[in-house]
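Visitor: Taking the hints into account, I'd like the entire structure generated from these sequences.
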Amino acid sequence: MAQTYTRPDFRLTPTPEGDDVVFWTGGEDDRLMIHRCRSCEQYFHPPAPACFRCRSRDVASEPVSGRGRVATFTVNRQPWLPTLPPPYVIVLVELEEQPDVRIFSQLVDVDPAEVRIGDEVEVFFEHWAPEGGTEVWLPLFRPVPPSVDAATVSGEDA
Amino acid sequence: MSGGPFDGKAVITGAGKSQVGRRLMRGGLDLTLEASLRAIADAGLTPDDIDGVASYPGPGAPQRGFSGADVHEVRNALGLRTSWYMSGIETAGQIGPVIEACMAVTLGFANHVLVFRSVWESTAQADGGRASVLFDGGKLPPHMAWTAPFGALSPANWLALPAQRYMHDHGLTREHLGTVALTARRHAALNPDAVFRDPLSMEDYLGARMISEPFGLYDCDVPCDGATAVIVSRRDAAAGLPRHPLTVESAGTGMFERATWDQRIDLTTMAAHDAAATLWDRTTLTSADVDVAQLYDGFTFLTVQWLDALGFAAHGEVGALLEDGALLALDGDLPLNTSGGQLSGGRLHGMGLLHEACVQLWGEGQERQVGGAVGSRPDVAVVAVGGGPVAGAMLLSHG
Ligand SMILES: [Zn+2]
Numbered sequence: 006m007a008q009t010y011t012r013p014d015f016r017l018t019p020t021p022e023g024d025d026v027v028f029w030t031g032g033e034d035d036r037l038m039i040h041r042c043r044s045c046e047q048y049f050h051p052p053a054p055a056c057f058r059c060r061s062r063d064v065a066s067e068p069v070s071g072r073g074r075v076a077t078f079t080v081n082r083q084p085w086l087p088t089l090p091p092p093y094v095i096v097l098v099e100l101e102e103q104p105d106v107r108i109f110s111q112l113v114d115v116d117p118a119e120v121r122i123g124d125e126v127e128v129f130f131e132h133w134a135p136e137g138g139t140e141v142w143l144p145l146f147r148p149v150p151p152s153v154d155a156a157t158v159s160g161e162d163a
Numbered sequence: 002m003s004g005g006p007f008d009g010k011a012v013i014t015g016a017g018k019s020q021v022g023r024r025l026m027r028g029g030l031d032l033t034l035e036a037s038l039r040a041i042a043d044a045g046l047t048p049d050d051i052d053g054v055a056s057y058p059g060p061g062a063p064q065r066g067f068s069g070a071d072v073h074e075v076r077n078a079l080g081l082r083t084s085w086y087m088s089g090i091e092t093a094g095q096i097g098p099v100i101e102a103c104m105a106v107t108l109g110f111a112n113h114v115l116v117f118r119s120v121w122e123s124t125a126q127a128d129g130g131r132a133s134v135l136f137d138g139g140k141l142p143p144h145m146a147w148t149a150p151f152g153a154l155s156p157a158n159w160l161a162l163p164a165q166r167y168m169h170d171h172g173l174t175r176e177h178l179g180t181v182a183l184t185a186r187r188h189a190a191l192n193p194d195a196v197f198r199d200p201l202s203m204e205d206y207l208g209a210r211m212i213s214e215p216f217g218l219y220d221c222d223v224p225c226d227g228a229t230a231v232i233v234s235r236r237d238a239a240a241g242l243p244r245h246p247l248t249v250e251s252a253g254t255g256m257f258e259r260a261t262w263d264q265r266i267d268l269t270t271m272a273a274h275d276a277a278a279t280l281w282d283r284t285t286l287t288s289a290d291v292d293v294a295q296l297y298d299g300f301t302f303l304t305v306q307w308l309d310a311l312g313f314a315a316h317g318e319v320g321a322l323l324e325d326g327a328l329l330a331l332d333g334d335l336p337l338n339t340s341g342g343q344l345s346g347g348r349l350h351g352m353g354l355l356h357e358a359c360v361q362l363w364g365e366g367q368e369r370q371v372g373g374a375v376g377s378r379p380d381v382a383v384v385a386v387g388g389g390p391v392a393g394a395m396l397l398s399h400g
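Protein chains in written order, with the working numbering: chain A, 6 to 163; chain B, 2 to 400.
Some hints could be false.
[What the hints assert, rightly or not] Derived list of chain B stretches under chain A, where covered just means 3 residues or more per stretch with a C-beta under 8 Å from a C-beta of chain A: (1) 153 to 160; (2) 202 to 215.
[As the list claims (entries may be wrong)] Below, a sample of chain A positions facing chain B; criterion: calculated Cβ distance under 10 Å: (3) Tyr-10; (4) Arg-74; (5) Arg-82; (6) Ala-134; (7) Gly-138; (8) Glu-140.
[Claimed, not checked] Anything over 12 Å on all C-beta distances counts as not near chain A; from chain B, calculated: (9) Asp-31; (10) Arg-65; (11) Thr-83; (12) Pro-163; (13) Gln-165; (14) Asp-170; (15) Leu-191; (16) Val-223; (17) Glu-258; (18) Ala-278.
No lab work stands behind these hints, which were simulated from the structure alone.
These numbers were taken from a predicted model, which means no experiment stands behind them.
Every residue, glycine too, gets a C-beta built ideally from N, C-alpha and C.
Guide: Rendered as structure tokens:
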């Protein structure tokens, strides 16, 4: 049965520094920001100050479509945190722009029993401003609604 | 004996294990010294003979219980005069320091190196609570910053992801994973030192509560307290010692891609494949020469990964090996994790597997001895440890 997404009362949130900040704050503008090399034009993740492929230092975060596919997933059934009752779906999403770039996230608004590798998903963000911590926007994923047709998808890419 | 990276000069002359168990409520250094002194005595040496010390992970472990003692703590406690020492976590898995010790004796930096690994995770969890084990000070450690926000707080979650992909792409089943767990338990039943020894059926395995699909309770190893130590000696310094020296034929230390849990080009391989490739590159021996395999089983799927990486099956076809558990039994063609591994023997974090390889090559496995009869023994053992971006492998022979 599909589990309707509700925002949990608490999450463990990162304290990003340096190159990682853009990834965790892009959601403020509703954008998934992924590092890209301006020399070879390949994306890579997690962010780093050089392109691991061509070693160019000319790298920076760019917005991507936020769409992708389930590269793999696991239904977690062990309670680790009281505010995240199982079951829930932990997912690796391969980016539409470049499938070998994968985002570690949670897949919500979905029946855990129905998730399949290859499913189309899209990003949305959860804003957290923990007391004494760092303000972040966590990228979560949900299934692409079936009403969205291919033309709309490619149109948003451009 | 082949030449290999150490030209036959690096040998193992002794091995020791501390008390191993759940919630022993003993200190990590106490356990470490017990294992170390046993290994030194096992080699027929005294602490005065030890001129090298090496260990994983060294100071700064991110989690309570992950490390029982540092190199200097052991040196200080035993008053060791060392001509060489090291510790580190950025090395070829938990047996990386053993491999470095082989280099040290080969190059003449030391004659007899004490290498140890100790854990006290079971007691740490008992006295501090699980949350404090994970998060010292409440701030996410760097290796969890990308995963914990999404409820992935355990390696069970991180490794379930590649496991599901391997199953999807290559037809591996939960029953195949179960064969790894059942094999370990069968062997643990013959090992009085194993933590879990009660019989385990496939029905028990499949019916156990799920942790993170496809992993259930019996896919995950058991935290324990315990320390393991071995003595790596230079062959010419080992003359006259009581044990037949075990030759370190090769070592696998490769790491070809970025150290991540989730960005490897082929999600159905791991750093294990790079370590395995370098292990075989450095020796004339092949997987067909292996008589006994001690393959890391922090999770059942990691054993699958090592079987795949080491070439015991073509890539993706490990499931076929696991159709029939007979292959992995003590009298099978590839006896696996003969002490019960970490799944049933306890998570000694890689070094327990090396210890068991030595026991088997010395023919001292008693009830669980490969070959069965007292005094019989295998000739070649492979030891491979780690998962995800952590991997190291060794090939030992009686030769
Ligand atoms: Zn580049």
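Visitor: It remains to establish, for every hint, whether it holds in the given structure.
Guide: Evaluation of the provided hints:
Counting residues of the region 153 to 160 of chain B whose CB lies closer than 8 Å to any CB of chain A gives 5, so the stated coverage by that chain holds, three being the minimum. Closer than 8 Å: that is the beta-carbon criterion, and the region 202 to 215 of chain B has 6 residues meeting it against chain A, so the requirement of 3 holds. Contact between Tyr-10/A and chain B, as hinted, is not supported at the beta carbon level, the nearest pair being about 13 Å apart and thus beyond 10 Å. With its C-beta approaching chain B no nearer than about 12 Å, Arg-74/A sits outside the 10 Å limit, and its interface hint is violated.
Interface hint at Arg-82/A: satisfied, since its Cβ lies 4 Å from the closest Cβ of chain B, which is below the 10 Å cut-off. With a cut of 10 Å, the hint placing Ala-134/A at the interface with chain B is violated, because the nearest CB-to-CB distance is about 14 Å. The interface hint given for Gly-138/A is met, as the beta carbon of that residue sits about 9 Å from the closest beta carbon of chain B, less than 10 Å. Proximity of Glu-140/A to chain B is violated relative to the hint, the smallest CB-CB distance being about 13 Å (cut-off 10 Å).
For Asp-31/B, the condition that its CB be more than 12 Å from all CB atoms of chain A holds, with the nearest at approximately 31 Å. Consistency note on Arg-65/B: stated as away from chain A, and its beta-carbon is indeed over 12 Å from all of that chain's, at 17 Å minimum. Listed as a non-interface residue, Thr-83/B keeps its Cβ farther than 12 Å from every Cβ of chain A; the least gap is roughly 37 Å. A Cβ of chain A approaches the Cβ of Pro-163/B within 12 Å, the least distance being about 7 Å, so the stated non-interface status is violated.
Chain A draws Gln-165/B into its interface by the beta-carbon criterion, the shortest separation being 5 Å against a cut-off of 12 Å. For Asp-170/B, the requirement that its beta carbon stay farther than 12 Å from each beta carbon of chain A is not met, with the minimum near 9 Å. Residue-level check passed: Leu-191/B sits 31 Å from the nearest beta carbon of chain A, beyond 12 Å. Every beta carbon of chain A lies more than 12 Å from that of Val-223/B, the smallest distance being close to 15 Å; the non-interface claim holds.
Residue placement check: Glu-258/B does not keep its beta carbon more than 12 Å from all beta carbons of chain A (closest about 9 Å). No beta-carbon of chain A is positioned within 12 Å of the beta-carbon of Ala-278/B; the least distance is around 20 Å.
When held up to the earlier numbered hints, the structure conflicts with 3, 4, 6, 8, 12, 13, 14 and 17 and fits the remainder.
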